[in-house]
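K.L.:
Hey, can you work out the whole structure from these sequences and the hints?
Protein chains: 4
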Amino acid sequence: MAHILEKKVYYHDTDCGGVVYYANYLKYFEEGRTEYLTELGVDLKTLSSQGTWFVVKRVEIDYKGPARYADILEVVTEVTKIRNVSIEFQQRILRNTRSEQSGNATALVEAKTTLVCIDASFRPAAIDDAILKRIRI
Amino acid sequence: MAHILEKKVYYHDTDCGGVVYYANYLKYFEEGRTEYLTELGVDLKTLSSQGTWFVVKRVEIDYKGPARYADILEVVTEVTKIRNVSIEFQQRILRNTRSEQSGNATALVEAKTTLVCIDASFRPAAIDDAILKRIRI
Amino acid sequence: MAHILEKKVYYHDTDCGGVVYYANYLKYFEEGRTEYLTELGVDLKTLSSQGTWFVVKRVEIDYKGPARYADILEVVTEVTKIRNVSIEFQQRILRNTRSEQSGNATALVEAKTTLVCIDASFRPAAIDDAILKRIRI
Amino acid sequence: MAHILEKKVYYHDTDCGGVVYYANYLKYFEEGRTEYLTELGVDLKTLSSQGTWFVVKRVEIDYKGPARYADILEVVTEVTKIRNVSIEFQQRILRNTRSEQSGNATALVEAKTTLVCIDASFRPAAIDDAILKRIRI
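Protein chains in written order, with our numbering: chain E, 1 to 137; chain B, 1 to 137; chain L, 1 to 137; chain U, 1 to 137.
Keep in mind that the hints were calculated from the coordinates and are not lab data. In this text the structure is predicted, and so the values were computed from the model without any measurement. Some hints could be false.
To be verified - Cut-off 20 Å, straight-line C-alpha distance, at most; resulting in silico cross-link-like pairs (EDC-like, lysine to aspartate or glutamate):
no.: 1; chain 1: B; residue 1: Lys-81; chain 2: L; residue 2: Glu-74
no.: 2; chain 1: L; residue 1: Lys-81; chain 2: B; residue 2: Glu-60
no.: 3; chain 1: E; residue 1: Lys-81; chain 2: U; residue 2: Glu-60
no.: 4; chain 1: B; residue 1: Lys-8; chain 2: U; residue 2: Glu-39
no.: 5; chain 1: U; residue 1: Lys-8; chain 2: B; residue 2: Asp-119
no.: 6; chain 1: E; residue 1: Lys-112; chain 2: U; residue 2: Glu-110
no.: 7; chain 1: L; residue 1: Lys-64; chain 2: B; residue 2: Glu-6
no.: 8; chain 1: U; residue 1: Lys-45; chain 2: B; residue 2: Asp-71
no.: 9; chain 1: U; residue 1: Lys-57; chain 2: U; residue 2: Asp-119
no.: 10; chain 1: B; residue 1: Lys-112; chain 2: L; residue 2: Asp-71
no.: 11; chain 1: B; residue 1: Lys-64; chain 2: L; residue 2: Asp-119
no.: 12; chain 1: E; residue 1: Lys-112; chain 2: U; residue 2: Glu-60
no.: 13; chain 1: B; residue 1: Lys-8; chain 2: U; residue 2: Glu-35
no.: 14; chain 1: B; residue 1: Lys-8; chain 2: U; residue 2: Glu-60
no.: 15; chain 1: E; residue 1: Lys-64; chain 2: E; residue 2: Asp-43
no.: 16; chain 1: U; residue 1: Lys-112; chain 2: U; residue 2: Glu-35
no.: 17; chain 1: L; residue 1: Lys-64; chain 2: B; residue 2: Glu-88
no.: 18; chain 1: E; residue 1: Lys-112; chain 2: U; residue 2: Asp-62
no.: 19; chain 1: L; residue 1: Lys-64; chain 2: L; residue 2: Glu-110
no.: 20; chain 1: E; residue 1: Lys-7; chain 2: L; residue 2: Asp-119
no.: 21; chain 1: L; residue 1: Lys-8; chain 2: E; residue 2: Asp-43
no.: 22; chain 1: U; residue 1: Lys-45; chain 2: B; residue 2: Glu-6
no.: 23; chain 1: L; residue 1: Lys-8; chain 2: E; residue 2: Glu-74
no.: 24; chain 1: L; residue 1: Lys-7; chain 2: E; residue 2: Glu-110
no.: 25; chain 1: L; residue 1: Lys-7; chain 2: E; residue 2: Glu-31
no.: 26; chain 1: E; residue 1: Lys-45; chain 2: L; residue 2: Asp-71
no.: 27; chain 1: B; residue 1: Lys-57; chain 2: L; residue 2: Asp-119
no.: 28; chain 1: U; residue 1: Lys-45; chain 2: U; residue 2: Asp-119
What the hints assert, rightly or not - With beta-carbon atoms standing in for the labels, derived distance ranges:
no.: 29; chain 1: L; residue 1: Asn-84; chain 2: B; residue 2: Gln-90; range: 47 to 55 Å
no.: 30; chain 1: E; residue 1: Phe-122; chain 2: B; residue 2: Ala-2; range: 39 to 47 Å
no.: 31; chain 1: U; residue 1: Met-1; chain 2: B; residue 2: Ala-2; range: 25 to 33 Å
no.: 32; chain 1: E; residue 1: Ile-135; chain 2: B; residue 2: Ala-2; range: 34 to 42 Å
no.: 33; chain 1: U; residue 1: Ala-130; chain 2: E; residue 2: Ile-135; range: 35 to 43 Å
Beta carbons are placed, not taken as given, at the ideal position from N, Cα and C, and that holds for glycine.
P.N.:
Structure below.
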């Protein structure tokens, strides 16, 4: 059950090589994960006010083709693993073109991101059952 | 008594127009003001731990010429006004070229920035005398 | 005839003061201007491929209140002046709350931005009539 | 032969979690690689004017501890592999503390980054011998 977020590329996303700057895809991926969780009813703001945060522990990201100014992109987000204190996301960036279905589109960027649940002291903490149930659905 | 901070332009500072993105000069100016204050012995981190912050209230910024990838820039910072709860900075960006003295160089960007001293509730607060004395020197 | 763009605040927009970083509102304003022009049929990407760019010449920005993580904001964009080679935009950021109409909401940030039309040599160029007609509508 | 770049953390590097935003370390790593190559006499700006670019193909990044506002960091950069069309960098971020030698400091962030040499059409291109000789030294 993949979540899709549409993103348009603006000047502030690009660099003087004429393409989206490599670090900025991590911003797109943050937005994709947040919207995916929001849709499942997991509200990161409320969680942080209760002393629970999800922080990024590891990212593996492959750049396969450049996105450019004014492109309409799709940020596709899926959860691939859930453990006691961590969640693993698989995400990819597709260029949204009218002439092809996004299911067949070649990914421009692919990333595997591991988030760890932490408490206010930055120590790993078990993910709450209420959250786990929502993500597993 | 102007403070000068040297900054090199990297890919992450630029956009696909081939020049430094207009919002990113505000990051350079933050760095310039912070280093100016640090040199005078005003430590923003310590102040924030004591419940005092300086936040930007207003910026007027004029873009006169583009800075480009790999340019070595000078961020020139001066205080032009000090009031009970606010400080006004005049800042400019010069391209650091060997063949000209920076005093004569044409500014690429000029900005006037007003900072307001606030407390933890985001309310204006009188700037501490110890800070005023350092800035006036 | 104001254009309204909805923007959600993510972690990458904020700083450790707990609010949106002051330079990042200029990214929101870029997006607002671009969507406003797109809606009027002015396509900045096509124009740049024809040797015409709009670059920011001056910004006056007033910060009146902080936006925070997970806020839903409205970026309101209007054109207030059109000259031979330049366009002046008035823009503001409102917090989108259910209980109030955005018309009455207090702006968190207000900005007046002047864009200049330039050619490939960064020289001012008269704005094409076809563009002027669309913006004047 | 590791290259060390000192970086201070400013507000624009952080997020409302109180720490450096996870994508911003990739900016630090860009700066580290650029300064490493510059020191070896490999000038990325000149190369791009000759139709040669190095683009990031893959990043593996592990976040082990947070960097915070006003921290003085060290970006440590080494080349670990050179192939016909690609270079692999190993980089890490250390907190620069007076009381410990950076050789012993625990890395806050570690990354392995693969750069690919491309031509103007974004096709892989053999890395020039003159560059290889400099990097191998």
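K.L.:
Any hints this thing doesn't respect? Which numbers, in order?
P.N.:
1, 5, 7, 10, 14, 15, 20, 24, 27, 29, 31, 32 and 33
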